[in-house]
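As they're listed, the protein sequences go chains A and B. Each residue of the first sequence is one higher than the one before, starting from 1 at the first, in our numbering. Each residue of the second sequence is one higher than the one before, starting from 1 at the first, in our numbering.
Among the hints, erroneous ones may be present.
What the hints assert, rightly or not - Residues from chain A that face chain B, not an exhaustive set, calculated with beta carbons under 7 Å:
1. Ser60
2. Leu100
3. Arg173
4. Ile183
5. Gln213
6. Leu297
7. Gly301
8. Phe312
9. Ser342
10. Ala349
11. Asn363
12. Phe367
13. Arg370
By construction, these hints were calculated from the structure, which means they are not laboratory data. Just so it is clear, the structure is predicted and the values come from calculations on it, not from any experiment. Heads up, the beta-carbon is just placed ideally off N, CA and C, and yes, glycines get one too.
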Amino acid sequence: MNSSSSSSQKQTGILVWIAANTSRLLISLFVPIITFLILWQGFLFLRDSNAPQIVIVLVSILWGVGGVALLYFISNYIIESLPRAWTYRLQPFVFVGPALAILAWFLAIPTLRTLRLSFLNETGFQFAGLNNYIFALTDRIMLEAFRNNLLWMIFGTFFCLASGLLIAVLADRSPFEKIYKAIIFMPMAISFVGAGVIWKFVYAYKGEGVGIQEIGLLNAIVIALGGKSQAWLLTPPWNNFLLIVIMVWLQTGYAMVILSSAIKGIPSELLEAARVDGANEFQVFFGIMIPSIQSTLMAVGTTVLIFSLKLFDIVRVMTGGNNGTNVIANEFYIQQFTYGHSGRASAIAIILLIAVIPVMLYNLREFRERRAF
Amino acid sequence: MADKSSSSQKRTSRFLVEATLIVISLIWIIPTIGVLVTSFRHSQDIFSSGWWTILPHRDWVEVSEIRLDESVDVDAPITIGDVTVTFEELRQGVEDGNQKLIWFGNKRTRLVKVQELQWKMFDTQLTLENYTNVLSGIEVRFKDASGAEIVRQGNNLSVAFLNSVAVAVPATIIPILIAAFAAYGFAWMNFPGRKIFFIIVVALLVVPLQIALVPILQDYTRLNLNGTYLAIWLAHTGFGLPLAVYLLFNYIGTLPRETLEAAFIDGASHFTIFTRLILPLSVPALASFAIFQFLWVWNDYLVALVFLGDKNRVMTSALAAMVGEKGQDWHFLTSGAFLSMLLPLAVFFALQRYFVRGMMAGSIKS
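Just chain A, same shape as in the assembly (with noise of 0.2 Å):
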């Protein structure tokens, strides 16, 4: 009997908690029906409106972020309408499931879906077994590509590192230290497209003929030496390394900034105990320095390195990868975007993804290590 009475008791509890809740059931089934109705509304104003621009940004803006942050209150309130336990068992996917959605969307299933789209043909639809390898690894286009990533790779890399370890031991003893570092850095802001114009601006040829006058810097540099001015971004191997002094240019930067930091971190006593042993610079440098910050040094220049692997938009606007400087991100593109290829692309793709697998297995190993979990 007791049993029962409990029994119907929770039966009526629960006949109560529904009608006490229906109307917040209801809630939670309109709310976000309405919402997204509006949202959609608005998709379509911004996409099909004849608006003046500056209204349309500023309505996108608002509802881009508007929308997002409305998104997250509304699933949020509808979970905390629910029963405690729920509420308890939900609300981590409130707070997670959207990231993890996203990043399932845009970064995990594409991933296989590239490698499935790798085996196919350029139609999409027919199995190619391993065609696209074997283009991407051993066609003369690639291995130019490769050859030019690896140019890449070896000497962007290396001037990286090189001018910002010799940056930042050189401005940690100036008193101007932040003017340089400011301008060494500033770079760093700039578009790689933007720097293209700024680079092909110094690399700019005339020609020969009467009454020419160079306007390029370095052409006007040559001339002014004795020398010939020359097409620069024409001149296969050495156009490849006028390339990569832009990248040199640019992420020096950053190598300098990271680098300063390890070496300000260098305790001055080890330092100075060198010194008073007789040390000359070199030795300090070479000696205590470089073995100090050795480990801030692997993490830039893999960052620099994988950088350089992918690198894509300088190519694309100095040259658009003719004249022997091609490189593996730029033919990727071409194979999609010129050719129509998504299965060659998508080996390509597979390609860089393989090539920075040690790196992710080197993130993975020391996430783990932190034991930050």
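Position chain B against the provided structure of chain A, taking the given hints into account.
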């Protein structure tokens, strides 16, 4: 005496340090100055002389001209004053003391210009015309070195600038918001799969975005999203999220536990704690990542090229298109390049401190 030599040695080494740094800094900044100066020069000046000629320098200036008599045979050596030279030499220019004789035009003009080497000071005419032209979408007329008129369609960079703002602001705020929620969830909530999901985030940190472009483009084509702001916001959110979640987790996870527990005891919900307590406390980390992401989105070319195409062109793709269409129109290219750098440079110099901090924290990113 030993003291003296060591102090002079110190002075030389200090001098060497400063000299090296000054040389490197000059190398670093001169290309940008060249573009900045050029963007304010008239098109005709740009075509006929290097930008450095606005500095004081010695140059050949025309002082007079000599019209040769009809009786002079231009095919034989010509005598002018006390020099005798051939026509070919005259065309190249003949130096005679501090004077230079140079033939003007073809053989029939019979005109020889006399130039003298003179000091030129800051006498260049500067103009804002390049900027107004490049910002507008109207037809622009200008003159090349030989004075021939050229007509070009303007590039409408003002529209591209607004597009860049419309892309960059939400593409900065949205991933930060989503990542902050996720970082809080990972740091302070318990749910099944918590660890494995976070490991996936760490693994995705270095994935090259090329891997995702083709499938996402297919999705966008199916959803009819190509060329919309929403498409590119989502793409940038997806590509920026791993780093954002990782950085913000590192920050939010190290906030003092007692602060949160006190709030829980007071009966606050996760949502209240997050919006009222955690977000305000995380402002430094949020700002670091915001600058990082803003500069990355504003300067991005590949994602904009793929998902926006020619519709809603942003600054970078408009500038890249200009390089393709008008590779020699330096007055457009330089002013366009400078306009594209304006906002990121301002953000960068105003918030450099935060930017450096974010960079240090994220130095494992690709």
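Checked hints:
Interface restraint check: Ser60 (chain A) against chain B, minimum CB-CB distance 5 Å, threshold 7 Å, status holds. Of the supplied interface hints, the one on Leu100 (chain A) holds, with its beta-carbon coming within about 6 Å of a beta-carbon of chain B, less than 7 Å. Hint status for Arg173 (chain A) relative to chain B: holds, with the closest Cβ pair at about 5 Å, below 7 Å. Taking 7 Å as the C-beta cut-off, the interface hint given for Ile183 (chain A) holds, the closest approach to chain B being about 5 Å.
Below 7 Å, beta-carbon pairs count as interface contacts, and Gln213 (chain A) has one with chain B at about 6 Å; its hint therefore holds. Against a cut-off of 7 Å between C-beta atoms, the interface hint on Leu297 (chain A) is violated, since the closest Cβ of chain B lies about 11 Å away. Of the supplied interface hints, the one on Gly301 (chain A) is violated, with its beta-carbon coming no nearer than about 11 Å to a beta-carbon of chain B, more than 7 Å. Look at Phe312 (chain A): its Cβ gets to within about 5 Å of chain B, closer than 7 Å, so that hint holds up.
Interface hint status for Ser342 (chain A): upheld, as the beta-carbon distance to the closest one in chain B is roughly 5 Å, under 7 Å. Using the Cβ-Cβ criterion of 7 Å, the hint placing Ala349 (chain A) at the interface with chain B is satisfied: the shortest such distance is roughly 4 Å. For the restraint placing Asn363 (chain A) at the interface with chain B, the shortest Cβ-Cβ distance is roughly 6 Å, inside the 7 Å limit, so the hint holds. A cut of 7 Å between beta carbons decides the hint on Phe367 (chain A): the least distance to chain B is about 5 Å, and the hint holds.
Interface restraint check: Arg370 (chain A) against chain B, minimum CB-CB distance 10 Å, threshold 7 Å, status violated.
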